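Below, each chain spelled out in residue letters.
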Amino acid sequence: MHDVLTTCVYCGCGCGLYLHEHRGRVTGSSPSRNHPVSRNNLCVKGWHLHEFIHHPSRLTEPLMRKNGRLTPVSWDEAMNCAARELGRIAAASDGKAVGLLSSAKCTNEENYLLQKLARAVLHTNNIDHCARL
Amino acid sequence: MAGLATTFGSGAMTNSINEIENAQVILLIGSNTSEAHPQVARRIFTAMDRGARLIVIDPRRTLMAKRADIHLPIRPGTDIPLLNAMMRVILDENLADDLFIEMRTENFYGLRDMLFRFDLEETVRLTGVDLARIRAAAQLYGRAQKAVICYCLGITQHVCGTGNVQAIANLAMLTGHVEKEDTGVDPLRGQNNVQGACDMGALPNVFPSYQQVDIDDYREKFERAWHASLPGQPGLTLMQMTHGGKNGPLKAMFIMGENPVLSDPVSDRVEETLDNLEFLLVADIFLTETARRAHVVLPAASFAEKTGTFTNSERRVQMVRRVIPPLGQSRTDSDIIMDLAGRLGYAMDYESPAEIMEEISMLAPIYGGMQHDRLENSWGLQWPCWDRSHPGTPFLHKYYFTRGRGRFTPVVHEPPAELPDDDYPFLLNTGRIYHQYHTGTMSRHSALLSREAGEALLQLHPEDGRRLGVRSGDLLRMRSRRGEVQVKAELTETVRPGEVYTTFHFSEMPVNRLTISAQDHFSQCPEYKICAVHLEKV
Amino acid sequence: MKDKYLLKKDHLLPLLRKLKKTYRLIAPVRNTHGDTLFTAIDRLDEVRIDLDKQPQNSLKQFFFPQQEVLFTYDNPAGDSYHFQPVVEESPPSLYFGVRPCDLSAVLYMDVVFLKDAKDPSYLQKRQNSILVGLNCNDPFASCFCNVTRSGPFIDFGFDLQLTDLGDRFLVEFDRSRGQEIITSWQQFFAPAGEADVKAQYQSFLEARGKFSLQVHLDQAVRKLALGEVPESVWEELSMRCQDCGGCAYICPTCTCFTIHDLQTSDHAGERLRSWDACTFSGFTRMAGGHNPVDRQMRGIEKRFRHKLQFDVKKDNRPSCVGCGRCVNICFGGTDIVRFINMTCCENS
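Chains as they are written, first to last, in this note's numbering: chain A, 1 to 133; chain B, 134 to 671; chain C, 672 to 1019.
Isolated chain A, as found in the complex (with noise of 0.2 Å):
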């Protein structure tokens, strides 16, 4: 059993929480006492952040789409896929025709990678997240 101290991926409070580490398992969240924002107590989603988690819809393999259905394949398949394409479509288009969404939910160096990949890979700007939703 392990506690590591993490960030809540709920809203922008910013809360300080414990995600309780079980065989390989998370199966508890707590908050931090003298963490600046959670001060020892978490809203019920906070206290619930390890629910989905494991859930059993996750997704664990990349899908493609084949004769219309989202079928499982290998990451070398999907990838090479997505690269083709990716790459062709902003070729062709100088980067006009491709558009690239962020995330609120990722990390600021996903972030900082994806705007990369689109400005210094993809040459385009057309790069945004739901900051406004």
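Keep in mind that the hints are not guaranteed to be accurate.
Partner residues aside, some chain C positions facing chain A, computed with beta carbon under 8 Å [to be verified]:
1. L708
2. P736
3. C915
4. Y920
5. Q934
6. H938
No lab work stands behind these hints, which were simulated from the structure alone.
All of these numbers come straight from a predicted model, not from anything done at the bench.
Here a beta-carbon is modelled for each residue, glycine too, at the ideal position from N, C-alpha and C.
With chain A fixed as given, assemble chains B and C onto it according to the hints.
Just chains B and C, lined up with the frame of chain A:
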């Protein structure tokens, strides 16, 4: 956030969340704080237990409104005249902070002239709030030593969202309620890392740290750092990307961890746009409504399976730590992006998220002193944090505004894009509820949260319920000029007659089929808070 | 002095090191972020055992975890279900530094989970546990165990118990397993003298005088029993409640749970037990949607009545142990201390 950027120079919370506890007056506008930002509500309640007064401006009688000292039940979309009226009262009663205006602001006369031409009686007619209450609220706010304004999407999700924010900033500057601790203007950010995504430049017009893409100096700096030539024209915004329709500007999209089919207005249009793409790539943790339409879906790791940082509403950058390895074959989004870049012929070679953060801190001045080792052994740092010896910034605009002087920007009323009429007599307002979150991708997979709130309900005033012959739990057909959904009614006096409220968490009741695509001219924020609908019992 | 021993403070760590060879050691550990939590210790030299701060978690999460699998089921052919109970083997565990409030809470949970029907999962963990208590010389700011009579000192329920006497601990045992530890590791223990026992009594008297909260618990209990709590109290508290469930989750004696089934494949699934809180509306809502409890008016009522009225009637003592964890954490400022104060100040 364009509103605060033009007046203060920086579009983030000026205070820390804990400072709210020490305020004497809290003005809450367009925020259902106790449901959407519980920890902020906790500070407000603590402040009230210590004697602070609460003013709530909200068309609904939310729990915050019930506990408020003064509730101004405003007609939706009339925030600007109400705020202007408060400012006029403050001027008339000599409650303005002349020294602050003199030393720290510009264009005061522009605002003053507009306010003196302003008709208070007209305000009463527009907003539906009587003058005595407006006056009482203005006096309370104007006389306070330490006063905080908190606002949220109830302000920004209007066609005049930027104007609303500018009016708030005017009010704060007029009374000098900005530069001090426990005093300021606090936009509450809705998502855990929406502040960070903005800071990182996941926006069409800026690089990380809000460095504009069309300014050559900034672009050249990033070209040198990234060894690539970069486009200088600002790109398309989210709404332009997802609402292009059949002949939209895009042929391919990569959507990472978002669900625009449920979250964006006029879902039919979004679906049409996505369905007509040549290629749609989605990375997500669940097969969302958006992912179902993709050509390739990549399984992403959840926040418990990766290391990195989030930036909260008070600009605090904090660590997210890996608890377990990615489930099944899923991979972190950074691994996915690095792999993709590699296959596209651009090497992104980072051994860890810490290395990515090192690059960020070199290129984004406000993150200058933020490296993982510093964040690891603290409760995070609040930007701006210029270098490794900088302790972070709990509250902004001390001594000077980010843009130099704060600029008064007079704004006038702009009516909503669509108001109720004979065919569509009800005004629909949308937002969140306590137990669910956004499009429900995470929260609906939690058993207890779904037990507490498992389906969408339409809040309807009992008087309207009687007129329509509807009781709580009855099914209603709700129609707008754009679409139709069926939803269960919940009779409550939280809403006023003629106004209804519901949430967008539930895919069974995609309310964004109904909402309007009208948006704010500056920020492109869609007007989720007002559209006209017709209701009938099924 | 019979059955009372001394352990030098310098010898505490060596003793724990010996015990750790036999038991999984769980103790309050101050982590690098500054929080103190009961933690299972892997390496004794790499952690800082913290006996100066109250651990933010109680032992509840060890005996009655926030979420656990009760059994798995499958129905491969679609005709009949097969059930497989899941009772995890719990290694013999030694809980060190358990304060009297938390010890009392475990004794209360024993009644809930073991008195009539025996809960297999709880029983397994509890049977394999050794509780080493620590009396409280210095109550913390939110503590009120003096009025719940579960502290600051306790004289039963532990296997071993320590009292800090400056440079040494006075050691007592209440169960044979505690005695066995003293016998097995007698090189650590010296018999205590009369002066040591007097010193223990002196620190008990001093500790009783150090509580900073004044809580009129008995008065609230009496008013509840007599039905003299004004409606306005329930109404005000329920309106303040923000529905987080935090008070119940953090409480060492709140034992309500819910169960739900999680389908893991087309033909199989597992039944999970998770913490629940009586303040949630889903706790009382019935299948048809009717809720017998009006949350707006009395959402918080059940929690306080259970602790201070129903359990008093049943067991002659309240099931609040006065640990103070729920004090100052409520979003709406609705903790049990506020309730007690409101009850005692307002007249019906």
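Which numbered conditions among the earlier hints are violated in the structure presented, ordered from lowest to highest? 6
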